[in-house]
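Line by line, the protein sequences are chains A and B. 1 is the number of the first residue of the first sequence in the working numbering; add one for each residue after it. 1 is the number of the first residue of the second sequence in the working numbering; add one for each residue after it.
Hints in this document: simulated from the structure, not taken from any laboratory. Beta carbons are placed, not taken as given, at the ideal position from N, Cα and C, and that holds for glycine. Among the hints, erroneous ones may be present.
[To be verified] A short, non-exhaustive set of chain B residues, derived as facing chain A with CB atoms under 10 angstroms: (1) Trp53; (2) Asp117; (3) Val118; (4) Phe222; (5) Phe246; (6) Leu248; (7) Met250.
Next come the chains, spelled out residue by residue.
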Amino acid sequence: MKKTPAFITCSSLLIMAVLGACSKSDNSGNKLVITGSSTVAPLAVEIGKRFESLHPGIRVNVQTGGSSRGIADARSGLADIGMASRSLKDSENDLHAFTIAHDGICIILHQANIVNALSDEQVVAIYKGTIKNWKEVGGPDAPITVVNKSEGRATLDLFLHYFKIKNTDIHPDVVIGDNEQGIKTVAGNPDAIGYVSIGTAEYDATHDIPIKLLPVNAVPATLENVGNGSFPLSRPLNLVTKAVPTGLAKEFIDFARSKQVHDLVKEQYFVPLSK
Amino acid sequence: MAETSSLTFRPAPAGLADTVATVVVWLIALIVTAVFVWILGDIIWHGIGQISWSFLTEPPRNAGREGGIGPIIVSTLLILGVCIAVAMPLGVGTAILLAEFTSSDNLFGRLVRRSLDVLAGVPSIVFGLFGNAFFCVYLGMGFSILSGGLTLACMTLPILIRSTEEGFRSVPNEYRMGAAALGMSRTSALIHLLLPAAAPGLLVGMVLGMGRSIAETAALIFTSGYVDRMPQSLHDSGRSLSIHIFDLSMNVAGGDANAYASALVLIVILLIVNSIASWTSDRWLHKRIISL
Chain A
1 MKKTPAFITC SSLLIMAVLG ACSKSDNSGN KLVITGSSTV APLAVEIGKR FESLHPGIRV
61 NVQTGGSSRG IADARSGLAD IGMASRSLKD SENDLHAFTI AHDGICIILH QANIVNALSD
121 EQVVAIYKGT IKNWKEVGGP DAPITVVNKS EGRATLDLFL HYFKIKNTDI HPDVVIGDNE
181 QGIKTVAGNP DAIGYVSIGT AEYDATHDIP IKLLPVNAVP ATLENVGNGS FPLSRPLNLV
241 TKAVPTGLAK EFIDFARSKQ VHDLVKEQYF VPLSK
Chain B
1 MAETSSLTFR PAPAGLADTV ATVVVWLIAL IVTAVFVWIL GDIIWHGIGQ ISWSFLTEPP
61 RNAGREGGIG PIIVSTLLIL GVCIAVAMPL GVGTAILLAE FTSSDNLFGR LVRRSLDVLA
121 GVPSIVFGLF GNAFFCVYLG MGFSILSGGL TLACMTLPIL IRSTEEGFRS VPNEYRMGAA
181 ALGMSRTSAL IHLLLPAAAP GLLVGMVLGM GRSIAETAAL IFTSGYVDRM PQSLHDSGRS
241 LSIHIFDLSM NVAGGDANAY ASALVLIVIL LIVNSIASWT SDRWLHKRII SL
């Protein structure tokens, strides 16, 4: 009998505590919320940690989810700063973008695939489904597994833009999200073709993952070529704000664009700003 | 619980069909076990080398490729704690209502049960989006451990309620009649007799629910978030182990070793939490029914 009140009290206290907690919202004076591109997120986390260590009491909270989300959250005010791994589109002119690093996208194949180069036309034909077998491009007699990125991913946008394909024309066999997932999909399937961030692909290719990076338009896919601007399929990694940044957001963006973070940019396999 | 049967099933002399059936059944069982052992072995093989005291206590460095998972373990346990603290009372309460206060063909009960079954089948990303829209944005909790735990509570409630309800329904009606004959009030019969007797169902629901929540990625990435700092309060965003593993294996080049180690830690935590749950139910609830 004596346990009855305790049980009920406990439950109601818990529920009340939760309801009470609901009404209390965070104070945003010393907190910076950054959301968006999963490609930029690990870099932003590291920059945020260094920023926090230089500014005691400040918190930089980084959330992931894709470039579209970064744009949407920056616009709606849910985030102080959005992350987008592409340039802004015409419809996004109301926002301000600040480039913090560069990255390139390359086509990857399994290492066992004898194809060593594909022309832009061949890539388009493969992704549109007019070329369905590797033997049509000088490879083995095997059907091509087309790996595409999911909607809302900046890599997809850049890929479609460069090759001038509409996403609805692509009939992918596999749809992937993040970079490493794309690499693992191709590494596990000798007949697959995919496209991912060069930095990640270069790292994996030199760490015994069976993939190879194809040149685009005869330019080898390396971070060096992204850095010197000769690689055609490259993209800026941007921080995005709704208004001209002030205060903490401005401080963070200036910091993220400064030389103080170049080592962090390189650690995440991206290309730092040249000046 | 104590209804062990001394009867064993003795098969007739086996014909060919029987032998085939036996072999097939054994094969299937072996395959299932082999898959489990393979997964576990793979994780232990790749992960055990990274495990050390500093790995378990230090914060991650260089996007998780280096450093440990200390803050992430804390966040995971906090999220799980919020989830259980909210789901348990609500779940047990609803289960009691369904099992003890409505008959099985009651319209309201059927409606609740049907909606719970539908909810149980909803993909977790839908709960994630709901949690983000409701807890994070509408209630203004932002990305926080609280939002994550509450979202998980919504997700585990259907499983918890349905299995606890089954637990109550499997309690023989004689218990209720006996309690009534002894003049026990309905409430005290419920708390001292039916709840302990229904504990196995509750336990199954808890274990399944916790297993589902601790492994959850989709529902948490939009609610509890991605921040890998040591949480100061439930209002802080905190990355769960499952999200950390997902990020390390799918987004961070060179994060595989620590992803394996984190997966191993996740499995060990799950085992510990499950053992605690079954130990508590055995020692605490079961003793009470005997001492009564």
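Results of checking the hints against the structure:
With its C-beta approaching chain A no nearer than about 22 angstroms, B:Trp53 sits outside the 10 angstroms limit, and its interface hint is violated. The closest approach between the C-beta of B:Asp117 and any C-beta of chain A is roughly 25 angstroms, which is over the 10 angstroms cut-off, so the hint fails. Annotation: interface hint on B:Val118 violated; nearest CB of chain A at approximately 24 angstroms, more than 10 angstroms. Given the 10 angstroms rule on beta carbons, the hint for B:Phe222 holds: about 7 angstroms separates it from the nearest Cβ of chain A.
With 10 angstroms as the threshold, the beta carbon of B:Phe246 comes within range of chain A, its nearest partner Cβ sitting at about 8 angstroms, so the hint holds. The beta carbon of B:Leu248 comes within 8 angstroms of a beta carbon in chain A, closer than 10 angstroms, and the hint placing it at the interface holds. Because the closest C-beta pair between B:Met250 and chain A is about 4 angstroms apart, less than 10 angstroms, the hint holds.
In this structure, the earlier hints numbered 1, 2, 3 are contradicted, and the remaining ones agree with it.
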